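*Asks:* Residue strings, one per chain:
Protein chains: 2
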Amino acid sequence: MIRKLRRTRLFEIEQCINLLFLCKWLFLGSIVGALAGSASAILLISLDQATDFRENNLWIIALLPIGGLISGLLYYHFGQRSEKGNNLLLEEYHHAEQTIPLRMAPLVLIGTIITHLFGGSAGREGTAVQMGGALSDQFGKWFKLNAHDRKIIIVMGISAGFASVFGTPLAGAIFALEVLVLGKIRYEAILPSFIAAVIGNYVCNLWPIDHSHYHIPFVPELTPTRLAWTAAAGILFGLAAMLFSKSTHGFGSLFKKHIGYAPARPLIGGAVLAIIIYFIGTTKYIGLGIPTIEASFVDSMNSYDFLIKIAFTAFTIGAGFKGGEVTPLFFIGATLGNAMVWLIPLPMPLLAGMGFVAVFAGATNTPIACTLMGIELFGADCGVYVAIACVVAYLFSGHTGIYSSQIIGAPKH
Amino acid sequence: MIRKLRRTRLFEIEQCINLLFLCKWLFLGSIVGALAGSASAILLISLDQATDFRENNLWIIALLPIGGLISGLLYYHFGQRSEKGNNLLLEEYHHAEQTIPLRMAPLVLIGTIITHLFGGSAGREGTAVQMGGALSDQFGKWFKLNAHDRKIIIVMGISAGFASVFGTPLAGAIFALEVLVLGKIRYEAILPSFIAAVIGNYVCNLWPIDHSHYHIPFVPELTPTRLAWTAAAGILFGLAAMLFSKSTHGFGSLFKKHIGYAPARPLIGGAVLAIIIYFIGTTKYIGLGIPTIEASFVDSMNSYDFLIKIAFTAFTIGAGFKGGEVTPLFFIGATLGNAMVWLIPLPMPLLAGMGFVAVFAGATNTPIACTLMGIELFGADCGVYVAIACVVAYLFSGHTGIYSSQIIGAPKH
Chain A
0 MIRKLRRTRL
10 FEIEQCINLL
20 FLCKWLFLGS
30 IVGALAGSAS
40 AILLISLDQA
50 TDFRENNLWI
60 IALLPIGGLI
70 SGLLYYHFGQ
80 RSEKGNNLLL
90 EEYHHAEQTI
100 PLRMAPLVLI
110 GTIITHLFGG
120 SAGREGTAVQ
130 MGGALSDQFG
140 KWFKLNAHDR
150 KIIIVMGISA
160 GFASVFGTPL
170 AGAIFALEVL
180 VLGKIRYEAI
190 LPSFIAAVIG
200 NYVCNLWPID
210 HSHYHIPFVP
220 ELTPTRLAWT
230 AAAGILFGLA
240 AMLFSKSTHG
250 FGSLFKKHIG
260 YAPARPLIGG
270 AVLAIIIYFI
280 GTTKYIGLGI
290 PTIEASFVDS
300 MNSYDFLIKI
310 AFTAFTIGAG
320 FKGGEVTPLF
330 FIGATLGNAM
340 VWLIPLPMPL
350 LAGMGFVAVF
360 AGATNTPIAC
370 TLMGIELFGA
380 DCGVYVAIAC
390 VVAYLFSGHT
400 GIYSSQIIGA
410 PKH
Chain B
0 MIRKLRRTRL
10 FEIEQCINLL
20 FLCKWLFLGS
30 IVGALAGSAS
40 AILLISLDQA
50 TDFRENNLWI
60 IALLPIGGLI
70 SGLLYYHFGQ
80 RSEKGNNLLL
90 EEYHHAEQTI
100 PLRMAPLVLI
110 GTIITHLFGG
120 SAGREGTAVQ
130 MGGALSDQFG
140 KWFKLNAHDR
150 KIIIVMGISA
160 GFASVFGTPL
170 AGAIFALEVL
180 VLGKIRYEAI
190 LPSFIAAVIG
200 NYVCNLWPID
210 HSHYHIPFVP
220 ELTPTRLAWT
230 AAAGILFGLA
240 AMLFSKSTHG
250 FGSLFKKHIG
260 YAPARPLIGG
270 AVLAIIIYFI
280 GTTKYIGLGI
290 PTIEASFVDS
300 MNSYDFLIKI
310 AFTAFTIGAG
320 FKGGEVTPLF
330 FIGATLGNAM
340 VWLIPLPMPL
350 LAGMGFVAVF
360 AGATNTPIAC
370 TLMGIELFGA
380 DCGVYVAIAC
390 VVAYLFSGHT
400 GIYSSQIIGA
410 PKH
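Quick note, the sequences are listed as chains A and B, same order.
Under numbering that gives the first Met the number 0, the residue at position 29 of the first sequence is numbered 28, and the numbers go up by one with no gaps.
Under numbering that gives the first Met the number 0, the residue at position 36 of the second sequence is numbered 35, and the numbers go up by one with no gaps.
Any given hint might turn out to be false.
Chain copies aren't distinguished; within one or between two, either way the pair holds.
[As the list claims (entries may be wrong)] Using 27 angstroms as the maximum straight-line C-alpha spacing, the simulated DSS-like pairs for lysine-lysine come out as follows:
#	residue 1	residue 2
1	LYS183	LYS256
2	LYS183	LYS23
3	LYS140	LYS150
4	LYS183	LYS255
5	LYS183	LYS245
6	LYS140	LYS245
7	LYS183	LYS83
8	LYS283	LYS23
9	LYS183	LYS150
10	LYS23	LYS255
11	LYS255	LYS143
12	LYS23	LYS150
13	LYS83	LYS245
14	LYS256	LYS143
15	LYS140	LYS255
In short, the hints are calculated from the structure, not lab data.
Note that this is a predicted model, so its numbers are computed, not measured.
Bound-form chain A, shown alone (with noise of 0.2 angstroms):
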């Protein structure tokens, strides 16, 4: 009886334990997704404004070394650890040593806005995710949380950051448990992961943003055959992915070798740019590239976009430009998807679709979490394609992914 009664206690502490623990990480994750939520908004509202205004003044990427040489001072007398970027946050989960500066969000944000409003090729979601944990580990301080509560503060802040800056809650949230460790789900942050994705993207809509729409009109069912045409369009995904990693990191190390002066960098890899700009006459490579990936799941694209676009990004960012890698991620899969459709017998708004997961899926080895972003972009009917063209991408892009910091967890088979 009195065996019962203790059993009893017991499930009734532990029931009390974790209804406390779901209305701290309610609490706590309505904060942060607030706050990483209102700043995904803000972000996606300037970087409209900078890309309208640069392809209405087109004089202005002739302006992109100096852009550089701002953004490049800006963060070398200023930025102190920030330089590093998502590594920094994947650091402080992994070995934390001290808060992660405030400082980043500005700068990053800034810096990002210079990228696009001169004409870099680069991404947001880097810009998101850092913005997401610097102010959510921030706000962390003033609680007092203790380390391990910090490290689910991080990993809310990343999930925030990731889900409204594209709108894809779900994706946000395993994203954020995914990247962290290579083969590895942190299931021990899983809700508070959940509550800031879905509030972050829920504050993030409060603001006047749009997100990008994509539409695959026709899901054919999935046969063996089909089943194997998608494994060979994940293969090349998956290289696609590596071949992105390892220019990314190539010309980082180039430009760390050859000029020593940090903010000289984005400078010289300013001037390079504009010149290839000027010369190549085009403004499809540069920015985001929304316009291309719209196009991607409509019209026939050149079969070589996909390189340029890999080549402008990793020179962008190897250069020392701010910003991040998903959206050119979603330009190289998707543009290289469509090409795939002269090779591959499966309709080309869904190639388009699977590579857009499926590269950024191998570039940050999160299977999971791109299956389910291609699920709230696409809809569930294409839900086997992008998940095969995801898992097999991961398989294929080797183990060093963008995220120099991600720790390998498990071996890929």
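Fit chain B to the known structure of chain A by using the hints.
*Replies:* For chain B alone, coordinates are given in the frame of chain A:
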């Protein structure tokens, strides 16, 4: 130069190994998928006929004790280790001892048909998963696979069995990776698991079977208030899952403690059940209960339906009848969600859908698989609702799910 060549060489070798890996598992996955998918189809067809026969010949329920005795004797004399059911698959994955007996497949099929023909309350996923596991493990023996590959084969059997019996390939693939260890996903087997799930589902659909369809007509936007309500619903789903797991284990221990001779347990249990069914005068709570699950998305259900179904199923399974637990968990979740409409201001079909997957997520500790299942069955719109419900239910269901051989790999928070 030499270093560069070596690197290129290494790169080529790694990608060739990946390609071999992919081809090998595409091949093995196709065979496992074909076997498990066909086994699931035969199960689905048999269960349909058994259920039809029972509903048209209710007198057969009076023979439930005889059915129990036959099932008990079969397992007693021929079952060997098959008795352990799903747990045997989990144990062989964690500590390989010897091949899963092939007889597990026909035995669990016959046992499950007996349960449903004579009116026990049980599911079918256990049967599909055990048939898939037993068939694929045999087949691994012929190919003389090593210990590591054998683990992957078991994962594939689970994946293909689950995917095909419910028509949910993504959920099946992740379920097999997620169920083995609480709080971990086995990334090493991610590609084979997806291949087996897709092929299993494809092959099953070649047979004349029809999966149940559910429809959530309207999903409101997830606001912070609705998030809090969803979390509250998740708590109740998690507690219901815990009650189910505890009841199943409790009835099992009770039967084992008081009835030493195993085949007598379903005999006596069947007699008690038949008498109760006679007195309550309805077949609503026996069998799979699919009509009630479907009705939960449309009509108001009784607030006590889920409790009676928990009692019936826990008693049936505890007495030693064969079958699965998942379809009853769908019933419990859908009717509980339906009844919550008086408490929680969310649309009734949405609550039913949330419960459908969340109670299952709590009882098996597979929140990500269940989120995907919700998306596959009800569409992507309800994704965030089912995700939050599943994750909260996972948190509140305790560390002991229905599979006692599941290893705890990470705390829930």
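*Asks:* When no copy is named, should LYS183 and LYS23 be tagged within, between, both, or neither for a Cα gap of at most 27 angstroms?
*Replies:* The answer is both: 25 angstroms in one copy and 24 angstroms across copies each meet 27 angstroms.
*Asks:* Quick one: LYS140 to LYS150, C-alpha cut-off 27 angstroms, is that within a copy, between copies, both, or neither?
*Replies:* within (12 angstroms within a copy, 44 angstroms between copies)
*Asks:* As a check of your reading, is LYS183 near LYS83 (CA-CA no more than 27 angstroms) within one copy, between copies, both or neither?
*Replies:* within (23 angstroms within a copy, 29 angstroms between copies)
*Asks:* At 27 angstroms max between alpha carbons, let me know whether LYS183 reaches LYS255 within a copy, between copies, both or neither.
*Replies:* Neither way: LYS183 and LYS255 sit 32 angstroms apart in one copy and 39 angstroms across, limit 27 angstroms.
*Asks:* Within, between, both or neither: how does the pair LYS256, LYS143 come out at a Cα-Cα threshold of 27 angstroms?
*Replies:* neither (41 angstroms within a copy, 51 angstroms between copies)
*Asks:* With identical chains treated as interchangeable, where does the CA-CA distance between LYS23 and LYS150 reach 27 angstroms or less: within a copy, between copies, both, or neither?
*Replies:* Close inside one copy (15 angstroms), not across copies (39 angstroms); limit 27 angstroms.
*Asks:* For LYS183 and LYS256, with the copy left unspecified, which applies at a CA distance of at most 27 angstroms: within, between, both, or neither?
*Replies:* For LYS183 and LYS256, neither the intra-copy (34 angstroms) nor the inter-copy (41 angstroms) Cα distance is at most 27 angstroms.
*Asks:* At most 27 angstroms between C-alpha atoms: does LYS255 with LYS143 qualify within a copy, between copies, both, or neither?
*Replies:* Close neither inside one copy (38 angstroms) nor across copies (51 angstroms); limit 27 angstroms.
*Asks:* Treating 27 angstroms as the Cα threshold, decide for LYS23 and LYS255: within, between, both or neither.
*Replies:* neither (44 angstroms within a copy, 42 angstroms between copies)
*Asks:* For LYS140 vs LYS245, is the C-alpha pair at or below 27 angstroms within one copy, between two copies, both, or neither?
*Replies:* For LYS140 and LYS245, neither the intra-copy (36 angstroms) nor the inter-copy (41 angstroms) Cα distance is at most 27 angstroms.
*Asks:* At 27 angstroms max between alpha carbons, let me know whether LYS140 reaches LYS255 within a copy, between copies, both or neither.
*Replies:* neither (34 angstroms within a copy, 54 angstroms between copies)
*Asks:* Between the shortest in-copy and the shortest cross-copy C-alpha distance, which are at most 27 angstroms for LYS183 and LYS150: within, between, both, or neither?
*Replies:* Answer is both: 15 angstroms inside a copy and 18 angstroms across each meet the 27 angstroms cutoff.
Violated hints for the displayed structure, listed by number in ascending order: 1, 4, 6, 8, 10, 11, 14 and 15.
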